[in-house]
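Trainee: Here is how the chains run, residue by residue.
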Amino acid sequence: MFRALPSKVFRLRYMPAITLLVFLTPVGAGLISSVLPAFGYLPVLGRSDFSGEAWGQLLHHPAIPASIFTTITTGFAATIISLGLALFFVAAWYGSPSYKKTRKMLAPVLAIPHSALAIGLAFLIAPSGWIVRAITPWATGWDRPPDVAIIHDPYGLTLILGLVIKETPYFLLMILAALDQTQAEKRLTVARTLGYKPISAWIKAVQPAIYKQIRLPIFAVLAFSLSVVDVSLILGPSAPPPLSVLVLRWFNDPDLSYRFMASAGAMLQLMIVIAAISLWFVVEVGVSRIFRSRSSMGKRHFFETEIKLASKAGINFLVMLFSGSLLVLVTWSFTWRWRFPDFLPSVWSFHSWQNNLHNLAESAGTTIAVGLAGSIIAIILVVACLENEKQRGKNAGSGALWLVYLPLMIPQVSFLFGVQVISIKANIDSSWISVIWTHLLFVLPYVFLSLSDPYRSQDNRFFNLALTLGSTPSRAFWRIRLPLLLRPLLFAFAVGFAVSVAQYLPTLFAGGGRFATVTTEAVNLSASGNRRIVAVYALLQAILPLIVFAAAMRIPNFVFRNRQALKGS
Amino acid sequence: MPRKLFGISVIALGLFSFSANGQAAAQSTANWQDVQEKAKGQTVYWNAWGGSELINTYISWVGKRLWDDARITLKQVKVTDTADVVSRVLAEKTAGKNEDGSVDLVWINGENFASMKKQGLLFGPFTQTLPNYKLVDTESKATTTVDFTIPVDGLEAPWGMAKFNFIYDSARVQKTPTSVADLLNWTQQNTGRFTYPSPPDYLGSTFLKQALTELIEDPSVLRTSTTDLSELNQATKPLWDFLDALHPNLWRKGSQFPASSSAQQQLLDDGEVDIHLSFNPGAASSLIKSGELAPSVRTFVFDKGTIGNTHFVAIPYNSSSKEAAMVVANFLMSPEAQARKQNPNYWGDDTVLAISKLSAKDQQVFAKIPLGAATLPPQELGPTLLEPHPTWMEYIEKEWLKRYGQ
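Residue numbers (this note's numbering), protein chains in the order written: chain A, 1 to 569; chain B, 1001 to 1406.
Hints listed in this document are in silico derivations from the structure and should not be mistaken for laboratory results. Where a beta carbon is used, it is the ideal one built from N, C-alpha and C, also for glycine. There may be inaccurate statements among the hints.
Said to hold, decoys possible - Counterexamples of contact, computed for chain A against chain B with all Cβ distances above 12 Å: (1) Q213; (2) L344; (3) Q458.
Claimed, not checked - Below, a list of computed lysine-lysine pairs in the DSS-like style, where the Cα atoms sit at most 30 Å apart: (4) K425(A) to K1097(B); (5) K1368(B) to K1064(B); (6) K1075(B) to K425(A); (7) K1134(B) to K1368(B); (8) K1118(B) to K425(A).
Produce the entire structure from the sequences given, and follow the hints as far as they go.
Mentor: Here it is in structure tokens:
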């Protein structure tokens, strides 16, 4: 019994290192394999001289200036709008019934992959979409859809909207997590008793404390918005598209000499992300300086009514679009004929479900297998790292753990080609190992993000009490620590699963095209005009994570049915 | 289980002693009996564009037939863009994976073929070994041996004939344009009702090629490779003048283009535009059949003819199931498979075979294929114009992007 202890510590001690190794090897090596061609090194194409030619080509490409502009404007706009909306909504409505109602909506919105939502949104708001069909022809007199660009609009407004629908709830969740740790209630009470109106009290007393906690998620969202591929393909501007789409197109050009420019483009994408994060940092310092002097001036209110109304309207608008997008997907999946301007399909049919049953089952099976495996491995690694931290103090080798967020900050295209080459070299390409491993790069950071706070803040006295009662550390870990953490563990698991389901490019690159998940099928088919089939796959894409989320919510209540204090709200 | 046949394939490879560069290796597989014997039990990963439900269903029928006939497992890897497949095989070559590659068969033509051929990524020549290749109409269907001016050299097996055409809704359009020049008049009278997918979508590019072929002073220059910028500039000027005049009359005033031909198909069904482009003369009929377009859609072509080409299947150099892939390619060229493919109820894609070379019974089968309500009879399809050399297209796609893509 006593001998188990040192060996356990010995093993745990290395967990952060192992986790980082699992992680940084493919990312680092992938990056290098992508950097070299940007400077003209790709021997298989007969080029091994180092030159800046690809960069010249890239910078003189006709689409580049407009493409960079779109990338930056849509990326920043989506991040700022989502963050602002989430912050103001929590500030104005914290603790109210509509706040609690919104809180319940978070999990389903987060569970549904970006691309599924984007497909539904496109069906909903296009000039020939459901909203126009609902008011045509009786209100508009149109017999044909209006000739206006809503989807793929040149300013990327629809792209921004699509991103905001997904990112606002993500920020809400992150703010909620931060609130639990900053004694927000107490701060608010103090501010309110000093006569500060709710929003003003929030901004001056709570906001500074939580901002530090949500900074990393902000950077992740900023990086994501600047480099997203699938949503851009479905909703983004097309002439020219954002840089991420352009780079992917070059990577895939039949003229293989485009590879060099594609690599340079991927590096440019990385530089844009780095520059954007640095810029955010600089502006943040400036803003907080202004803020600090303002916050002690004693003004008791800050656009109270306006923010209250606007943030509520904003959130309701997003919820409406979200529900409408899902509903229109369901409708299309049971459609045979549905012409403009009919409000509902003229011929309904189960054909799209029936005819694809075999394929649906197969791709759903692959999705579930990869998702479960990836999330389980991620949970094990994260728990091991956090347990190591618990037992050996915070600085015990986990100081470098912020590196796990790296894959979220680096644009996917810039290292996935490299990852593909490495996995072929290691002879694990197009295998379950490479697909699960590549998914893990994106699953693990989110699992870490979801689990680290509840784990770190868990009261150690329960564990210590078990030890004083004669339990071994390992028994205390399995019987006390983990059961107490069941709820966050399952939630983190569901988040990991949802992230895995949503992966498009990683599946494509690591799976060699042989692994068809519901997401790869949905995105592939979204290029086809057949909305009926696309809707079926997009729905399935939404249903799988929803089931896992629902289970993650219910299981603890069942397990703890005899444990009043552990039951959820 | 992609790897279960690894052992068998290694043995097969050993027997055939393929060199790393497969292009010279096929002569030794001349014996068709041997090929069939070795194909048994192999799995073929066929990378084929997966954007059409109808075609996917046809491909799964092929899979079923091959399993029954030859015990070959056929798996369709649905791709959005065949160029991805070229990338993947290249990545494998980059990493030195010269055996057991992830692609066994690829649906291909044009630029992608040119690229794979140039980089030595293809196995073959193998088509001469296939018994059904004798039935292909190589004499009057010239594009079965020359793919976008690039000689096929037996590296890809002909699968179907494509011919550029237009689909329109006869309930909304009375008079269809008769030439590229007439299309300009048509759009002036029907502002906002026409568009084309943005290049490099293959139908968008084909529309530009069609326009260029009709407008250029001397179409014969398109047959040769050229990189001389001033010549390209000079020769393509009529095309740019035409597009400059056309674009303000288009859908969204030419400021936005559909991302793909499938997206344009949806635009037609939504009534956002009145004309859709197609590369398959039977497409309109089969799309009516599948409920994707209204029963009132019909087909039209230009009087002086439209661009035509052939699509093929090819085998990458590092496939581990080359024999089974050859058996699949052979079956695809069989009268049975070709007749089913030509039927608009299943696909509606023209055959590559010479009907006169078939047995009397097979000729009967072809004669009985229904044309479909929206399909033009062969005599009304007009002459076939040849694809320009890929260098022209590269220049035009780049120039288009510079002029209209931003």
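Trainee: Each hint should be assessed against the structure and marked as holding or not.
Mentor: Tested hints:
Annotated as non-interface, Q213(A) keeps its C-beta farther than 12 Å from every C-beta of chain B; the closest such distance is 40 Å. Against chain B, the non-interface label of L344(A) holds: every CB pair exceeds 12 Å, the least being about 15 Å. The claim that Q458(A) lies off the interface holds: its Cβ sits roughly 43 Å from the closest Cβ of chain B, which is beyond the 12 Å cut-off. Between the alpha carbons of K425(A) and K1097(B) the distance comes to roughly 7 Å, so the proposed pair stays at or under 30 Å and holds.
For the hint linking K1368(B) to K1064(B), the alpha-carbon distance of about 24 Å falls within 30 Å, and the restraint holds. Distance hint between K1075(B) and K425(A) is fulfilled; the C-alpha atoms sit about 25 Å from each other, no more than 30 Å. The straight-line distance between the Cα atoms of K1134(B) and K1368(B) is roughly 23 Å, inside the 30 Å bound, and the hint therefore holds. With a CA separation close to 24 Å, the supplied pair K1118(B) and K425(A) stays within the 30 Å bound.
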